[in-house]
Amino acid sequence: MDMINLTINGIPVSVPKGYTILQAAKAAKIEIPTLCYLKEINCIGSCRVCMVEVKGRRGLTAACVIPAEDGMEVLTNTPKVRASRKTTIELLLSTHHKKCLSCIRNNHCELQKLAMEYNVDEDRFPSEEPVYEIDDQSPYIVRDNNKCVNCMRCVSVCKNVQSVSVIGPIRRGYKVHVGSPFDRSLNDSPCVGCGQCIVSCPVGALYEKSNVDEVWEALADPDKYVVFYTAPSIRATLGESFDMPIGTNVEGKMVSAIRRLGVDKIFNMDFTADLTILEEANELVQRITNHETLPMFTSCCPGWVKFAEHYYPEMLPHLSSCKSPQAMFGAILKSYYAEKYNIDPEKMFVVSVIPCTGKKFEVTRQELRSKEFDDVDVALTTRELARMIKSTGIDFADLEDEDYDAPFNKATGGGAIFGATGGVLEAALRTAARMLDGDFKAVEFKEVRGPEQIREAKYEVAGVEVKVAVTSGLGNARKLIEKIKSGEADYQMVEVMACPGGCINGGGQPIRSDKVSNYVDYKALRSKALYNYDENCALRSSDESPVVKMIYEDYFEKPGTHKAHELLHTTYLPRGNH
Amino acid sequence: MSEKTLFAFKSTSAQDEKLKEVIAKYKDVPGALLPVLQEAQGIFGYLPIEVQQSVADGLGISLSEVYGVATFYSQFSLTPKGEHRISVCLGTACYVKGADKILAELEKKLGITSGECTPDGMFSIDSCRCVGACGLAPVMMIDDEVYGKLTPDQVGKIIDSYIEKGGKSV
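Chains as they are written, first to last, in the numbering used here: chain L, 1 to 578; chain U, 579 to 748.
These aren't lab readings, by the way, just hints derived from the structure by calculation. Where a beta carbon is used, it is the ideal one built from N, C-alpha and C, also for glycine. Treat the hints loosely; a few may be bogus.
What the hints assert, rightly or not - DMTMM-like, lysine to aspartate or glutamate: derived pairs with alpha carbons at most 25 Å apart:
hint: 1; chain 1: L; residue 1: Lys485; chain 2: U; residue 2: Asp635
hint: 2; chain 1: L; residue 1: Lys175; chain 2: L; residue 2: Asp123
hint: 3; chain 1: L; residue 1: Lys479; chain 2: U; residue 2: Asp606
hint: 4; chain 1: L; residue 1: Lys159; chain 2: U; residue 2: Asp704
hint: 5; chain 1: L; residue 1: Lys483; chain 2: U; residue 2: Asp606
hint: 6; chain 1: L; residue 1: Lys175; chain 2: U; residue 2: Asp704
hint: 7; chain 1: L; residue 1: Lys485; chain 2: U; residue 2: Asp606
hint: 8; chain 1: L; residue 1: Lys209; chain 2: L; residue 2: Asp144
hint: 9; chain 1: L; residue 1: Lys390; chain 2: L; residue 2: Asp374
hint: 10; chain 1: L; residue 1: Lys26; chain 2: L; residue 2: Glu69
hint: 11; chain 1: L; residue 1: Lys483; chain 2: U; residue 2: Asp635
hint: 12; chain 1: L; residue 1: Lys479; chain 2: U; residue 2: Glu643
hint: 13; chain 1: L; residue 1: Lys441; chain 2: L; residue 2: Glu372
hint: 14; chain 1: L; residue 1: Lys98; chain 2: L; residue 2: Glu69
hint: 15; chain 1: L; residue 1: Lys39; chain 2: U; residue 2: Asp635
To be verified - Not the full set, but computed from the structure, chain L residues with beta-carbon under 7 Å of chain U:
hint: 16; residue: Val161
hint: 17; residue: Ser165
hint: 18; residue: Ile167
hint: 19; residue: Ile170
hint: 20; residue: Arg171
hint: 21; residue: Arg172
hint: 22; residue: Pro181
hint: 23; residue: Phe182
hint: 24; residue: Ala397
Claimed, not checked - In silico negatives: residues of chain U with every beta carbon more than 12 Å from chain L:
hint: 25; residue: Gly646
hint: 26; residue: Cys712
hint: 27; residue: Glu723
Excised from the complex, chain U in its bound form:
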């Protein structure tokens, strides 16, 4: 079977402690899985296998049930998010203005596809539906910064500016 790319998972003891508290809070509450996963993602930023396993053990349910719910809702992510989170709007206006080409250029530049994170943990790409800035289409956001009226050739320079600031290379 093809094994999913797994990132080495590291957690702090503060994070582990928090997860334990969340599980203790919801233990024996019917239908607790969804809120526990939401809070767990809040703590760790994503839901790695180790966290899902802890949730399963803590709530006394099987890992396959946890994994089923974690993969059902698009809100949950099984891969870590980057230090800089890139979000490309694929809403109607942006799409008409060529957002797919922006996304393709980003994926090429960073060597990952939408939903993934670069191996150094610096960038992750996701697509979203309308950030409410249709007048600026096509739009992407990096963290809280909005970049509008983009053309594919601008993408590389924008990414490079983050690399220079962060001092890390892709």
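The following block holds chain L by itself, in its conformation from the complex:
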């Protein structure tokens, strides 16, 4: 690799050619503040916060976009640089709705942090604040442009990473703002609800549509029977909201905290992840043996399902008919569980804790209903759960570990890895292999794990060759689908997760500031927590789950029965791409 030598604030540093000044400074352990820059997502040099002096150059230079050069002398902290940054931040604040105390990002805001570091005068440039209508019409994402700093991080992730592109800059100059075409609500656009815009936003301009108040209300209502269940990835991320290291498994403390919110039951959603695998593996085996539509795509990710409905309606027959684990759990609670424990399902209030904003849309899908009411009342993001726990004053770090409630307490490692890209497919392979060949022993399919955008693998099970592919991020999904449509690739099964890295990086997960996401591979750390968890599970193949066995014996008989189809499977509808 070609290396170049330069100095940053007089400190010599040697970096590979092609590094930006920002990267070179980081290598010299010198921080340059940024705002619009987000690694692998947005690199447009527009906010002017990362300005530095380069000896011999006129004016200041944007460190995030300008490549470092051999012999360059960079100064990152001169009075001129500091004054420029301060003015830039003050100008950003001049039109910013400075309601910090009641802002969802208070204390976690990148603009607030910069303002603090640069000791700004927030009123230096008094100006008429533009008043934008808050768009809260979708069930998942709220946009408050009065807080927006026009960094374009959301626009870039939506267009370049997700290939969805339902938002963009509108008009120009003082009137520029981010929105959907013709200033319509996001709800009227082909948005898939993944929420990657939210986790990319440096300020409080984007956040999930909160359902916390409804949950508090149900908890306070003595007539309501409140049931919570947590998705596989929550155990690997919730700790971050309580300042614990990234990748800490906090399952025990999480259960204990949720119990202290006053719920009637707290269950483990890994159970329905296992159940999904049984139904999905059965469907795969059926499709292969009956020569039906292949490849079969996974259907547990609501962002991916909505993406297919909007942009690839012709692929809908390829989607597994299985409901997502969230939806299966709701259906089981309000039927099997209600019957078995003699609870009026209309008095049940079912709350799923999910890593995802798309699930907030999923719970409103009429086609998921098995009765005349919604199976899941509220889908709460990891962030909303953290806010609820904080507002009760619970000292999270100090909690003793507790176990989930019976009967939905036990699950397998196969269910747990649903939270990382490749996990659903690996879990399905574990079970499908055992369905086809009772003596099949391998449980790890490491080829489908990892950070590569598209991962392919081939396995031989009971004389059958199974070709699979895994991808995450909808831009990658688009590439993979085009490959399949053109006949360049053919598989039996494909896993797609809308968010890059899978649920551990979902739109509802704790938001990492640019300081972390630009330099730490938090996705790998979060996934590792799940794979470690899997490795330590006594049972790793979903078909071994005692709870899954129980529910088939008690209720569904076996995968794919009429009753299973009624409660555990669903349909999809084309939605149009504008």
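The hints should help you fit chain U onto chain L, whose structure is shown.
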């Protein structure tokens, strides 16, 4: 969200055909959006949502990208232009001579603001910067006709003369 006033859009098959040709000509040309929008505005007189959608589909880009460009350049109009296009000069000389009052009077008379078109499609108002007739300030143009040394009280009569000719009322 406040919905923009949308005019019912009608196009002729000749116009649709022309747009298709333009898109075919520029398809796969990098940076084609701007010339396509310019030609589309030439065909339809403005860029309604339906046209922007066709451009987006035709070029394989998102509507939000098309809309972003269409709203960035003041040359593009999202509202139709009237049968008679009124242009009020707001250049320095005209402004000093009270062009803002001429514009206000026009807006009052026609019930629309600058950049808009009357619901019957007869008049649209725009402002412009200097038509090169500063000696006649304040100036407005209706189609190719120049009206100079205007006072606000003349505006109503001029508009009425077009209504009489056109036989339509505002």
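Hint check:
Simply put, L:Lys485 and U:Asp635 have alpha-carbon atoms about 19 Å apart, close enough for the 25 Å limit, and the pair holds. With a C-alpha separation of about 20 Å, the suggested pair L:Lys175 and L:Asp123 falls inside the 25 Å cut-off, and the hint holds. As the CA atoms of L:Lys479 and U:Asp606 are separated by approximately 18 Å, the hinted pair is consistent with the 25 Å bound. Taking the CA atoms of L:Lys159 and U:Asp704, the gap is about 34 Å. The hint is violated against a cut of 25 Å.
Of the pairs offered as hints, the one joining L:Lys483 and U:Asp606 holds, with about 20 Å between alpha carbons and a cut-off of 25 Å not exceeded. A C-alpha spacing of about 19 Å is found between L:Lys175 and U:Asp704, which places the hinted pair at or below 25 Å, so the restraint holds. Taking the CA atoms of L:Lys485 and U:Asp606, the gap is about 21 Å. The hint holds against a cut of 25 Å. A C-alpha spacing of about 12 Å is found between L:Lys209 and L:Asp144, which places the hinted pair at or below 25 Å, so the restraint holds.
At most 25 Å may separate the alpha-carbon atoms for a hinted pair to count; L:Lys390 and L:Asp374 exceed this at roughly 28 Å. Using a Cα cut-off of 25 Å, the hinted pair L:Lys26 and L:Glu69 holds, with the two alpha carbons roughly 15 Å apart. With a C-alpha separation of about 21 Å, the suggested pair L:Lys483 and U:Asp635 falls inside the 25 Å cut-off, and the hint holds. About 20 Å separates the Cα atoms of L:Lys479 and U:Glu643, which keeps this hinted pair within 25 Å; it holds.
With a CA separation close to 44 Å, the supplied pair L:Lys441 and L:Glu372 exceeds the 25 Å bound. For the proposed pair L:Lys98 and L:Glu69, the alpha carbon gap of about 40 Å is over 25 Å, so the pair is violated. A hinted pair counts as satisfied when its Cα atoms are at most 25 Å apart, and L:Lys39 with U:Asp635 does not qualify at roughly 30 Å. Hint on L:Val161 is violated. Least Cβ distance to chain U is approximately 14 Å, over the 7 Å limit.
About 4 Å separates the beta-carbon of L:Ser165 from the nearest beta-carbon of chain U, less than 7 Å, and the hint is met. Of the supplied interface hints, the one on L:Ile167 holds, with its beta-carbon coming within about 6 Å of a beta-carbon of chain U, less than 7 Å. Here the hint on L:Ile170 is kept, as its CB sits about 5 Å from the closest CB of chain U, short of 7 Å. At about 5 Å, the closest approach between the beta carbon of L:Arg171 and any beta carbon in chain U falls short of 7 Å, and the interface hint on this residue holds.
Using the Cβ-Cβ criterion of 7 Å, the hint placing L:Arg172 at the interface with chain U is satisfied: the shortest such distance is roughly 5 Å. Taking 7 Å as the C-beta contact cut-off toward chain U, the hint placing L:Pro181 at the interface holds, the least distance being around 4 Å. With a cut of 7 Å, the hint placing L:Phe182 at the interface with chain U holds, because the nearest CB-to-CB distance is about 6 Å. The restraint placing L:Ala397 at the interface with chain U is violated, with a minimum CB-CB distance near 42 Å, outside the 7 Å limit.
In this structure U:Gly646 is not separated from chain L by more than 12 Å, as the shortest Cβ-Cβ distance comes to only about 4 Å. Non-interface status of U:Cys712 relative to chain L is upheld: no Cβ of that chain comes within 12 Å, the nearest being about 27 Å off. Here U:Glu723 stays apart from chain L, with its beta-carbon at least about 32 Å from theirs, past the 12 Å limit.
Of the numbered hints listed earlier, those contradicted by the structure are 4, 9, 13, 14, 15, 16, 24 and 25.
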